[in-house]
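Asks: Listed here are the chains, written in short residue letters.
Protein chains: 2
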Amino acid sequence: MRGHRRQRCELSQTDSGSDSEESDTETMRCISCKEVYGRCDAGTCKECYEEASETEDELKREIEDLKAKVAFLRFCSPFDHHVSPPSSAIRSPPAPGFTDVVLVAASDAASIDSLLPVPAHKAVLVSRSPVFKAMLENEMEESRSGTIKITDVSYDALRAFVNYLYTAEACLDEQMAYDLLVLAEKYQVKHLKAHCEKFLVSKLNWDNSIMSYAFAHQHNAKHVLEASLSLITDNMDKLTKKEEYMELVEKDPRLVVEIYEAYLSRQVNTAAPKDSSTKP
Amino acid sequence: MRGHRRQRCELSQTDSGSDSEESDTETMRCISCKEVYGRCDAGTCKECYEEASETEDELKREIEDLKAKVAFLRFCSPFDHHVSPPSSAIRSPPAPGFTDVVLVAASDAASIDSLLPVPAHKAVLVSRSPVFKAMLENEMEESRSGTIKITDVSYDALRAFVNYLYTAEACLDEQMAYDLLVLAEKYQVKHLKAHCEKFLVSKLNWDNSIMSYAFAHQHNAKHVLEASLSLITDNMDKLTKKEEYMELVEKDPRLVVEIYEAYLSRQVNTAAPKDSSTKP
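Protein chains in written order, with the UniProt record's numbering: chain A, 1 to 280; chain B, 1 to 280.
Check the hints yourself; a few may be wrong.
No distinction is drawn between identical chains; accordingly, a pair holds when it is met within one copy or between any pair of copies.
Stated by the list, open to error - DSBU-like cross-link-like pairs, simulated, lysine-lysine; straight-line CA separation at most 30 Å: (1) Lys186 x Lys238; (2) Lys46 x Lys222; (3) Lys198 x Lys238; (4) Lys186 x Lys34; (5) Lys251 x Lys186; (6) Lys34 x Lys241; (7) Lys60 x Lys133; (8) Lys238 x Lys203; (9) Lys149 x Lys60; (10) Lys241 x Lys186; (11) Lys60 x Lys242; (12) Lys133 x Lys242; (13) Lys241 x Lys149; (14) Lys238 x Lys190; (15) Lys67 x Lys241; (16) Lys222 x Lys133.
Keep in mind that the hints were calculated from the coordinates and are not lab data.
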């Protein structure tokens, strides 16, 4: 592929004549943005440009292939059967979708929501979560009864959770990301956890930093923890004035200690070269 | 993003001095391959090079994300349960994997193979194939009996077919690609059909061109059909000497006519400009 094929110059000589005044700065025209550039702004030669374009095309083709694969592997959500109107008059009874288990949001407050079961396939749950796998393959209570009770979760979050197990898709806002991350951690659905963490890191700001930090600590969300801790230690001067800070000192002072330890460790690391020079 | 930031030139002036003899050809050094290039080999400026690199990095990240999604959505194949040794002593009976249907390769010759059932989940079959969907959701014989008989297929091909429905993966050789394409066409599994067609097109050569052409015709494989027809019409001088050609004339002369029609149409199209000039 490499090895310079010297192509015939497409630029006319009159073109170079007009640039004669700045001939010592040596200008060329960029094949991409069409602007003239000088020696110090040189990017690539034509051959490397073409190779890079080919690589980009190959990557785009790979993306298309992977997207098609995702579309193929996405599972029909069991909700599709309930939501969509019957597509054919022949199919008179609503299609059951062959579900063989239901999940129930068993919150303490017995709202109407908590009575709505979320249908699912054991095979899908087992395929996505090692916790469901252990639960359903080992003849535990849930396997026998065909009902999995999940506490401390809303019906909406549970439904979004099950939907993610089928489709790898979730429509997130911050609350939903928190709820789904808790479920993902509990049932060891790593892909969903990473998805929620990514979303929460993107939504991180000074206002929600301490809350995010405490949440990340509680639910073992390492990326959120790192990002929030970094944001907090960047703004130590404002920290003690925050209401959430006072609350955290009251509620979980150990976490506050960890903030100070991280801050201290950063300071020591920054000062390290000076420190070592003072030692004998 | 655009708009030239003129960076300080990193090349020393002594460098340009050594090139003074060819100052009218104007040379630069490629940031990628490090070779010197002239005006006619100019690719991009530095800024466009950096933008292209960023794009490439973004595409690569997208590919990583999609690969993780595919890995998440890939379904446990029902064979995994049968092949792998029991992972835990507690789980004494082999895990059923909650399969609720079996597929059987019901070939005419009652070999031992044809007796081996391939277990599967109705939900997976329904999710991947509109034909299985109609069959299983409409209380047809197969749904009631829990057994789907598939004729004219080997056990290995059937197993590979079911495995693809779970994983979007198949280990292909030419024979397997032919077998799976037939099943993919029959059960309308487009993703698998495209996969097989791509493989068969990549394996196309003069020796298998007529066989591929006839096969593609029979099973509605458009990409294989186009590619094989193009290969055949590129080599019309050798065509009539081929044994497969004689066989096709015997067996299905209509297909041979289509080869000649395609060849003629190609000739007419190539000659079109001359043709039109002779008309009044």
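Asks: Any of the earlier hints contradicted here, and which numbers?
Replies: 1, 2, 4, 6, 7, 9, 10, 11, 12, 13, 14 and 15
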